[in-house]
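Could you build the full structure based on these sequences and the hints that come with them?
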Amino acid sequence: MNMKRWIAIIVAAVLIFISVGVNSLSYIFTRDFNKLFDEMAEGSSGYGEMIIEQGSLKDRIAVLKVDGIIQDTGSSLFAADGYNHKQFMSQLNDILNDKTVKGVVLSVNSPGGGVVESSDIYDAIKEIQEKREVPIYVAMGGMAASGGYYISAPAEKIFVHPETITGSIGVIMESVNYAKLAEKYGIDFNTIKTGPYKDIMSGSREMTEEEHEMLQEIINDSYERFVSIVAEGRDMSVADVKKVADGRILNGRQAIESHLADEVGKVADAIDALKADYNLQDASVFEYSTMAGFGSLFGVEIGNLFGRSLETEMIGKLLSDYDAPRMMYLYGEK
Numbered sequence: 001m002n003m004k005r006w007i008a009i010i011v012a013a014v015l016i017f018i019s020v021g022v023n024s025l026s027y028i029f030t031r032d033f034n035k036l037f038d039e040m041a042e043g044s045s046g047y048g049e050m051i052i053e054q055g056s057l058k059d060r061i062a063v064l065k066v067d068g069i070i071q072d073t074g075s076s077l078f079a080a081d082g083y084n085h086k087q088f089m090s091q092l093n094d095i096l097n098d099k100t101v102k103g104v105v106l107s108v109n110s111p112g113g114g115v116v117e118s119s120d121i122y123d124a125i126k127e128i129q130e131k132r133e134v135p136i137y138v139a140m141g142g143m144a145a146s147g148g149y150y151i152s153a154p155a156e157k158i159f160v161h162p163e164t165i166t167g168s169i170g171v172i173m174e175s176v177n178y179a180k181l182a183e184k185y186g187i188d189f190n191t192i193k194t195g196p197y198k199d200i201m202s203g204s205r206e207m208t209e210e211e212h213e214m215l216q217e218i219i220n221d222s223y224e225r226f227v228s229i230v231a232e233g234r235d236m237s238v239a240d241v242k243k244v245a246d247g248r249i250l251n252g253r254q255a256i257e258s259h260l261a262d263e264v265g266k267v268a269d270a271i272d273a274l275k276a277d278y279n280l281q282d283a284s285v286f287e288y289s290t291m292a293g294f295g296s297l298f299g300v301e302i303g304n305l306f307g308r309s310l311e312t313e314m315i316g317k318l319l320s321d322y323d324a325p326r327m328m329y330l331y332g333e334k
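Each residue of the sequence shown is one higher than the one before, counting from 1 in full-length UniProt numbering.
Possibly wrong hints are sitting among the right ones.
[Claimed, not checked] Below, in silico cross-link-like pairs of lysine-lysine (DSS-like), each with a Cα-Cα straight-line distance of 30 Å or less:
| hint | residue 1 | residue 2 |
| --- | --- | --- |
| 1 | K131 | K65 |
| 2 | K157 | K243 |
| 3 | K58 | K131 |
| 4 | K157 | K86 |
| 5 | K86 | K58 |
| 6 | K99 | K131 |
These are computed hints drawn from the structure, not numbers from a lab.
Right, dumping it as structure tokens:
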């Protein structure tokens, strides 16, 4: 890298910190300090409630959103707004403990994600349904595939758009094998391990048939759990679920015909149906609104400075993701 590029990088870094600093100070000093202290006293959940339909405060409907890959990537200064697993689980816990919430509409726009994270959400939804007997309706957006369907399956009713991409019931686990490429260029790998399978799925060597069978057994267990969850949630037999549980994707019409969804509709339709079905016509409706924190502000500043180019998206992914092979309920590329 030549000197001009180094100078450009240094100047860009300085501009970022100056821009973030100025905007942060402006944000603080133009706020109502009483409100600021009140928010600090309430804790640092990072979200609040926003009323979208006025009504009874004793009977309320909560609208939750899952938008993006369901994955717990932790916090990163370089990450802009997106799905926040810890925050979403906190919202579900709030609903579990809030006796004024009498219904939930879950808006899902996700290709799925991690097996464990999807299971976290499913378990929390089932707990709300069983302990509080709170009905949960799902409104699917452009995509609710794989893990996005997994978390939707226990809902009392599922609404889809005709163009919704859903289904993709199954599990995937993959890694890149570059052993032949390394051999072509004379690259050797020195691996010290404690057992023959410690480097299973390593990109530096071919996978053995025995290793493939071991991993397939693990994948099959997760698949069977996925199928059983769909069968239970949709009141279908396991055999009927498996007719469409081969990884295929479905549009809204196909999902309804396959009994994976109930009606065509959007979030507003799901809210109206929930009110009518559970005598909640007078209920107020609210959704959680995210409060901008320093991390998201920093992510936005980087995006504004460099633009949402492929390079900045790749940098953000490299800084926030750990790419070890893992099981995913995910449709499309990781």
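Violations among the numbered hints: Those not satisfied: there are none.
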